[in-house]
Amino acid sequence: MKRSGQRRRYDETMAAVVLILVLAGLVLLYSTSAYNGRIKFLDEWYYLKKQGFATLIGLAGMLIVSRIDYHRWAVLALPGYLAAIVLSVAVMLFGDEYNGSKRWLSLGPLSFQPSEFSKVAVIIFLAWLISRYSGRPDRFRKILVLFLPVLPIAGLVGASNLSTAIIILGIAAVLIFAASPKYSPFIWMGTSAIAFMAVFLAMESYRLERLAIWRDPEKYEKGYQTLQGLYAIGSGGIFGRGLGSSVQKLGFLPEAQNDMIFSIICEELGLVGAGIIILLFFLLIWRFFLTAVRAPDLFGALIASGAMAHLMIQVILNIAVVTNTIPNTGITLPFISYGGTSVVFLLLEIGVVLNVSGLVK
Numbered sequence: 246m247k248r249s250g251q252r253r254r255y256d257e258t259m260a261a262v263v264l265i266l267v268l269a270g271l272v273l274l275y276s277t278s279a280y281n282g283r284i285k286f287l288d289e290w291y292y293l294k295k296q297g298f299a300t301l302i303g304l305a306g307m308l309i310v311s312r313i314d315y316h317r318w319a320v321l322a323l324p325g326y327l328a329a330i331v332l333s334v335a336v337m338l339f340g341d342e343y344n345g346s347k348r349w350l351s352l353g354p355l356s357f358q359p360s361e362f363s364k365v366a367v368i369i370f371l372a373w374l375i376s377r378y379s380g381r382p383d384r385f386r387k388i389l390v391l392f393l394p395v396l397p398i399a400g401l402v403g404a405s406n407l408s409t410a411i412i413i414l415g416i417a418a419v420l421i422f423a424a425s426p427k428y429s430p431f432i433w434m435g436t437s438a439i440a441f442m443a444v445f446l447a448m449e450s451y452r453l454e455r456l457a458i459w460r461d462p463e464k465y466e467k468g469y470q471t472l473q474g475l476y477a478i479g480s481g482g483i484f485g486r487g488l489g490s491s492v493q494k495l496g497f498l499p500e501a502q503n504d505m506i507f508s509i510i511c512e513e514l515g516l517v518g519a520g521i522i523i524l525l526f527f528l529l530i531w532r533f534f535l536t537a538v539r540a541p542d543l544f545g546a547l548i549a550s551g552a553m554a555h556l557m558i559q560v561i562l563n564i565a566v567v568t569n570t571i572p573n574t575g576i577t578l579p580f581i582s583y584g585g586t587s588v589v590f591l592l593l594e595i596g597v598v599l600n601v602s603g604l605v606k
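Counting the sequence shown from 1 gives a position; this note's numbering is that position plus 245.
None of these hints come from the bench; they were simulated from the model.
Incorrect hints may appear among the rest.
[Said to hold, decoys possible] Quick list of the computed label-pair ranges, beta carbon to beta carbon:
hint, residue 1, residue 2, range
1, THR568, ALA335, 51 to 61 Å
2, ILE284, GLU463, 36 to 46 Å
3, GLU463, THR436, 27 to 37 Å
4, ARG377, LEU264, 32 to 42 Å
5, LEU264, TYR465, 16 to 26 Å
[Claimed, not checked] For lysine-lysine, the following DSSO-like pairs were computed, each having C-alpha atoms within a straight-line distance of at most 27 Å:
hint, residue 1, residue 2
6, LYS294, LYS347
7, LYS285, LYS295
8, LYS285, LYS347
9, LYS427, LYS387
10, LYS295, LYS347
11, LYS285, LYS467
12, LYS467, LYS347
For every residue, glycine included, the Cβ atom is placed at its ideal position computed from N, Cα and C.
Just need the whole structure built from these sequences, with the hints factored in.
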């Protein structure tokens with residue numbers, strides 16, 4: 246009885262952190278996007294209204310999904326995987342282009358990014374595949390076989406969205422690593438991945454240009470966004486200028502409500518505010534970890550591990566890009582950056598994890 250009550254307390258913490266992040270994200274998004282909305286659409290609430298609508302859909306979906314036994318998703322693992330491939334092909338053929346990238350599919354007045362669905366599909370599919378057919382991958386060959394189904398999705402998504410392909414591969418690596426009792430194969434795979442990435446970057450001049458911009462953004466015109474983001478971070482100091490008082494969002498930092506929103510958080514709320522946001526993400530990731538450890542079976546443990554990997558990789562990469570720790574990859578900050586599809590699928594993913602944790606009986 247004591248353990249049941251303790252598990253319920255952990256789950257309530259997870260749900261509370263998610264709600265705080267969602268509400269904080271809406272407030273920070275409005276603060277960051279109001280100027281752009283007024284200039285581009287004559288409506289300072291434009292971005293908030295669209296994000297708010299997507300958030301309501303996501304929260305409702307999270308509540309519904311959290312009441313569905315997570316074992317039922319195993320039946321949809323293979324169809325979901327195939328649907329991800331079909332949608333990725335559809336983006337290449339019929340996708341809408343924005344800022345030079347084809348990432349969206351339109352359904353009437355609505356548009357969404359299939360790559361966000363692909364992340365969830367890969368988590369469910371690999372969790373099902375490992376738990377049902379592979380067991381614990383203890384040989385290098387079995388580990389490679391598990392990676393093979395992920396490559397078509399990563400390749401199709403990576404054709405127009407390299408950063409999301411990296412996240413998908415990272416999720417797959419964490420899932421297989423979590424199920425494997427051996428560590429040595431992953432050292433060789435990591436070394437091979439680094440070598441492959443070096444060759445991949447060298448194949449196209451624009452990829453090498455990104456590396457050059459990352460090393461010295463002041464020398465290149467395309468380093469403007471990075472520099473403005475760093476100026477925003479530096480000007481925030483410890484306590485920031487105050488919520489809504491950013492200077493960089495007033496046309497200096499392009500698309501401030503998207504990938505670079507963390508820099509505006511640093512400018513307005515300072516190191517303290519940014520630290521609180523990072524702490525909230527850490528708490529949520531920690532709850533995912535506890536859920537994975539306490540899960541009743543391997544399938545549930547892998548679902549929680551995949552969600553943990555998804556959130557962790559995306560948060561780390563976004564903050565690393567904003568601080569110019571790594572080259573610009575165009576990755577959004579979960580729950581906070583503008584993007585309705587991302588919010589909806591993240592909340593649905595968390596609904597599955599809540600069910601694994603046993604919050605809803």
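Violated hints - listed by number, lowest first: 1, 2 and 5
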